[in-house]
Amino acid sequence: MQTIIETKNLRVEYKPQASREPRKVAVKDLNLKVCAGEVFGFLGPNGAGKTTTMNVLLGFVHATAGAAYLFDVDVREPISRQRIGYLPELTYYYKFLTAEELLRFYAKIFKVPRDQVDRRIDQLMKLVELDHARKRPIKTYSKGMQQRVGLAQALINNPDLLILDEPTSGLDPLGRMKVREIIQRLKNEGKTVFFSSHELGEVETVCDRVAIISQGELKVAGRVSDLMKQYQANLEMIFLKIIGYQPALAMEAA
Amino acid sequence: MNTVFALATVVVKELYRRKDFYVLFILTALVTVLMGSVSFFHDAKIARYLKEICLLLVWVSALVIAIGASARQIPSERENRTIFPLLAKPVTRWQVVLGKFTGCWLACGLALLMFYVFFGVISGSRTGHWPLAQYLQVLWLHWVMLGVVVAMVLCGSVIFAAPSSNATICFIVVTGILLLGRHLNQVALREPEPLSSVLYAIYFLIPHLEWYDVRDFVIFDHALIGWGSCALATLYAAAYTGLLLFAAWLVFRRKPLNL
Amino acid sequence: MSRTTTQVLVLVLLLSGTFGLATLLQPRAEAWNRRGDSGSVINVLLGDSRRLFANQAFTEADVYFHSGYYPSIFDQTEAPTNSHHMTAQEGSAEEEAHEKQMNFLSKPRDWVERFGRHFEITQHTHLESGNEREILPWLELSAELDPQRIDTYTVASFWLRNRLGKVAEAEAFLREGMRNNPKSYEILFELGRLYNENYQDHNRARHVWELALRRWQESEPQAKNPDLIGQEAILIQLARLEEKGGNLGQAITYLEMAARTSPSPAVLRQQIAELKLKLAGSVTNLSKVPSAD
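Residue numbers (this note's numbering), protein chains in the order written: chain A, 1 to 254; chain B, 1001 to 1259; chain C, 2001 to 2293.
These aren't lab readings, by the way, just hints derived from the structure by calculation. You may find that some hints are simply not true.
Stated by the list, open to error - So, partial list: chain C residues that the calculated Cβ filter (under 7 Å) puts toward chain B:
#, residue
1, Ser2067
2, Tyr2070
3, Phe2119
4, Glu2128
5, Ser2129
6, Arg2133
7, Glu2140
Stated by the list, open to error - Per the computed footprint, the stretches of chain B lying under chain C, defined by three or more beta-carbons under 8 Å from a beta-carbon of chain C, are:
#, stretch
8, 1065–1075
9, 1215–1222
What the hints assert, rightly or not - Subject to a maximum C-alpha distance of 20 Å in a straight line, what follows is the list of computed SDA-like cross-link-like pairs (lysine to any residue):
#, chain 1, residue 1, chain 2, residue 2
10, A, Lys178, A, Leu200
11, A, Lys135, B, Glu1014
12, A, Lys8, A, His62
13, A, Lys135, B, Lys1013
14, A, Lys95, B, Lys1019
15, A, Lys143, B, Arg1081
16, A, Lys143, B, Thr1082
17, B, Lys1013, A, His62
18, C, Lys2244, C, Gln2270
19, B, Lys1019, A, Thr140
20, C, Lys2244, C, Lys2183
21, A, Lys111, B, Phe1005
22, C, Lys2107, C, Thr2122
23, C, Lys2107, B, Leu1189
24, A, Lys108, B, Thr1102
25, C, Lys2183, C, Arg2117
26, B, Lys1013, A, Thr140
27, B, Lys1045, C, Leu2127
28, C, Lys2276, C, Asp2227
29, A, Lys108, A, Gln123
30, A, Lys108, B, Thr1092
31, A, Lys139, B, Thr1092
32, C, Lys2107, C, Leu2127
Every residue gets a Cβ at the ideal spot worked out from N, C-alpha and C, and that includes glycine.
Work out the full structure, taking the sequences as your base and the hints as a guide.
Quick look at the structure:
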């Protein structure tokens, strides 16, 4: 099966604030593989290195050592991002543009053929239920609407890989359900979804495989069902054990 | 180039949806019309003072638009976090720099066109003639100069932390060059060493933006500047613009962008 | 003490404080109001500092006179220090001195300067053919900013009446100058020229020039460097007027007064000699006329 995301001994270090302090290691020798068609959950506590890993995959930050690949193309090449869609946790888009203008702009960057642009925008506007507001500037949108615009722009190029950072953060239960439906639909179409989330219940439901990272190191990776069988616990318990939160297991044992 | 023009279109849209340009244009028009309504010794044909005032306002407004718009492009992308969904697309940082420059420069060009059309109307209504070739020449040189200014400010925006400090510094530098650039060699010759050498080095290094300030030719109805000289001046400006944009890219490409 | 009482006491204290402050500031406020009463926007905004800008406005008029060709503060040759060239006749000594002064563009020192010359005005020209009107706004502004600057009125009047055919406007401007500078002999002199040359009202011109001479005699002799050229100009004009009117004796008197203090009296002495000859000739002719007896 084709490897969509791969990291090889990925290491990211940051310069400290004060010169005497040692360099901060955000990601330590991470080796990760995500195959085509998978829904992959990338989990970890705050400060574990999830965001840094995503920054490297998206080209925002350069790795100190090691390598990362998207579709077997080094992430430092812009072309590696031709077939991906990215939804950031915090949705910030050009407030002075309308949703339609924003999608048109991104479609132009992806060189989506002109005859397909209008059709795709119509489809996406209907999918995220923003058809009624497509001509309004984004600065007039609510948070939920902005999140939906974000989803639409992540799908504008019909990506083969979707990278989602906390996709259900800030959404109401209905919004979360819709996101889960979209992820399931993409999976059915053979797309790959890579997302980070703190909603372990959701991850357990939708993901094929997960990886848990803590203090920059990969602690465990595998199929959700295999991990649950191995640890004889739900994903939340496994997560807490992996990151070393002992009292939870003591309570569980009791 | 598709990506660059897409970015440029977004920049132009932003600029014409902000109020800055309209405020400056209305201010320029208002002051010019007010000054035009003043009568000096019952002579309705006096035109040059009005041309000078109008062109001065056009120059100040154009500089405010160019510097103000360029100074906030990249910093606001970072501050508003719109740079992340942008760079998550197949867009290089060079394309971002070039796209921002193209957008700001095109926006300045559109603004200049409106200002100079207004100037032409005012001037023609007083003098009764429209030296279109001269207006085009002045407009072209002004626009080319603004290209250097936009590139300078974009370069500053990736170096300085705050857009306000970048804008202030660039405004002072540009005004200094416009007022003193022509005379720096004279000043250098009068100073002792090593100050003389330092000043002379600065004199050769700075982009001579004062060449492009040819308002006097329009105000005092002088003949056209040679088109060959204009072409060379355009090449000179293009070289400086390229240099400054390259420097901006060199700094920008190394900047980590953390989510 | 209850909260309400405290609040009331604080309010009373504040009110007393503000009334006391108002009493203290009242005289200053009246002084400001007086400035506001002046009626001129520039006077209200700038106060006495407006005179600093008057020089700049006058220089701008000179720049306009030269169609933009003007030395900067960095050029070796100083900018014209007086305005005589703006009213000088072509070929006169003043005009020649001015030409020399305006030759400030030296050979370019480097390629930057050489190329930059293409974008500068490098031709020395003067406004003509009615375009002299373009300097008028700056002269009016200069007069507004510094009403005590005499040059402004005399230069503006020269161009208005001589080249632009606006004699009435020139007279009105000179009268405004007179109101602001009642002791100015220069403005009176220019006014006299206006009556003499433009209105052909020689009598009035004579009265005005005589007044100018009196004004000069009241102020200039006590000055450190009296304006002898100014006096000479008034006396010569009076002499010409008298000569035209046939009063050769009076003409000679004026020319002799001028010759006493003129830097170049030779020309004047020759004119005096000619007039004396003329006078002698006319007396002889009179004596040859037979008497009515």
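Here is how each hint holds up against the structure:
1. For the restraint placing C/Ser2067 at the interface with chain B, the shortest Cβ-Cβ distance is roughly 4 Å, inside the 7 Å limit, so the hint holds.
2. A cut of 7 Å between beta carbons decides the hint on C/Tyr2070: the least distance to chain B is about 10 Å, and the hint is violated.
3. At a threshold of 7 Å, the smallest CB-CB gap from C/Phe2119 to chain B is about 5 Å, leaving the interface hint in force.
4. Checking C/Glu2128 against chain B by beta carbon gives a least distance of about 13 Å; that is not within 7 Å, so the hint is violated.
5. The closest approach between the C-beta of C/Ser2129 and any C-beta of chain B is roughly 12 Å, which is over the 7 Å cut-off, so the hint fails.
6. Checking C/Arg2133 against chain B: minimum C-beta separation of about 5 Å stays under 7 Å; hint holds.
7. A hinted interface residue such as C/Glu2140 counts as satisfied when its beta carbon comes closer than 7 Å to some beta carbon of chain B; here the least separation is about 5 Å, so the hint holds.
8. With 0 residues bearing a CB less than 8 Å from a CB of chain C, the stretch 1065–1075 of chain B misses the requirement of three and the coverage assertion fails.
9. Evaluation of the coverage hint for the stretch 1215–1222 of chain B: fulfilled, as 6 residues show C-beta separations to chain C shorter than 8 Å, against a requirement of three.
10. Restraint check for A/Lys178 and A/Leu200: the C-alpha separation of about 17 Å stays at or below 20 Å, so the hint holds.
11. At most 20 Å may separate the alpha-carbon atoms for a hinted pair to count; A/Lys135 and B/Glu1014 meet this at roughly 16 Å.
12. Note on A/Lys8 and A/His62: the hinted pairing holds, with a Cα-Cα distance of about 14 Å set against a maximum of 20 Å.
13. The suggested pairing of A/Lys135 with B/Lys1013 holds, with an alpha-carbon distance near 14 Å, which does not exceed 20 Å.
14. For the given pair, A/Lys95 sits about 15 Å from B/Lys1019 by alpha-carbon distance, which is consistent with the 20 Å threshold.
15. Straight-line distance between C-alpha atoms of A/Lys143 and B/Arg1081 comes to about 15 Å, which keeps the hinted pair within the 20 Å bound.
16. With a C-alpha separation of about 15 Å, the suggested pair A/Lys143 and B/Thr1082 falls inside the 20 Å cut-off, and the hint holds.
17. Straight-line distance between C-alpha atoms of B/Lys1013 and A/His62 comes to about 32 Å, which puts the hinted pair past the 20 Å bound.
18. For a cut-off of 20 Å, the pair hint linking C/Lys2244 to C/Gln2270 stands: about 18 Å separates their Cα positions.
19. Using a Cα cut-off of 20 Å, the hinted pair B/Lys1019 and A/Thr140 holds, with the two alpha carbons roughly 18 Å apart.
20. A C-alpha spacing of about 28 Å is found between C/Lys2244 and C/Lys2183, which places the hinted pair above 20 Å, so the restraint is violated.
21. Between A/Lys111 and B/Phe1005, the direct Cα distance comes to roughly 12 Å. Compliance with the 20 Å bound is thereby established for this hinted pair.
22. Taking the CA atoms of C/Lys2107 and C/Thr2122, the gap is about 12 Å. The hint holds against a cut of 20 Å.
23. Restraint check: the Cα-Cα separation between C/Lys2107 and B/Leu1189 comes to about 14 Å, which is no more than 20 Å; the hinted pair holds.
24. With a C-alpha separation of about 16 Å, the suggested pairing of A/Lys108 with B/Thr1102 holds against the 20 Å cut-off.
25. Restraint check for C/Lys2183 and C/Arg2117: the C-alpha separation of about 47 Å exceeds 20 Å, so the hint is violated.
26. Restraint check for B/Lys1013 and A/Thr140: satisfied, since their Cα atoms lie roughly 17 Å apart, inside the 20 Å limit.
27. The hinted pair formed by B/Lys1045 and C/Leu2127 meets the criterion: a straight-line CA distance of about 15 Å does not exceed 20 Å.
28. The suggested pairing of C/Lys2276 with C/Asp2227 is violated, with an alpha-carbon distance near 28 Å, which exceeds 20 Å.
29. Our distance criterion of 20 Å between C-alpha atoms is met by A/Lys108 and A/Gln123, whose separation comes to about 17 Å.
30. For the hint linking A/Lys108 to B/Thr1092, the alpha-carbon distance of about 15 Å falls within 20 Å, and the restraint holds.
31. Distance check on the hinted pair: A/Lys139 and B/Thr1092 sit about 27 Å apart at the alpha-carbon level, beyond 20 Å; violated.
32. In summary, the hint linking C/Lys2107 to C/Leu2127 is not supported, as the alpha carbons are separated by about 26 Å, beyond the 20 Å threshold.
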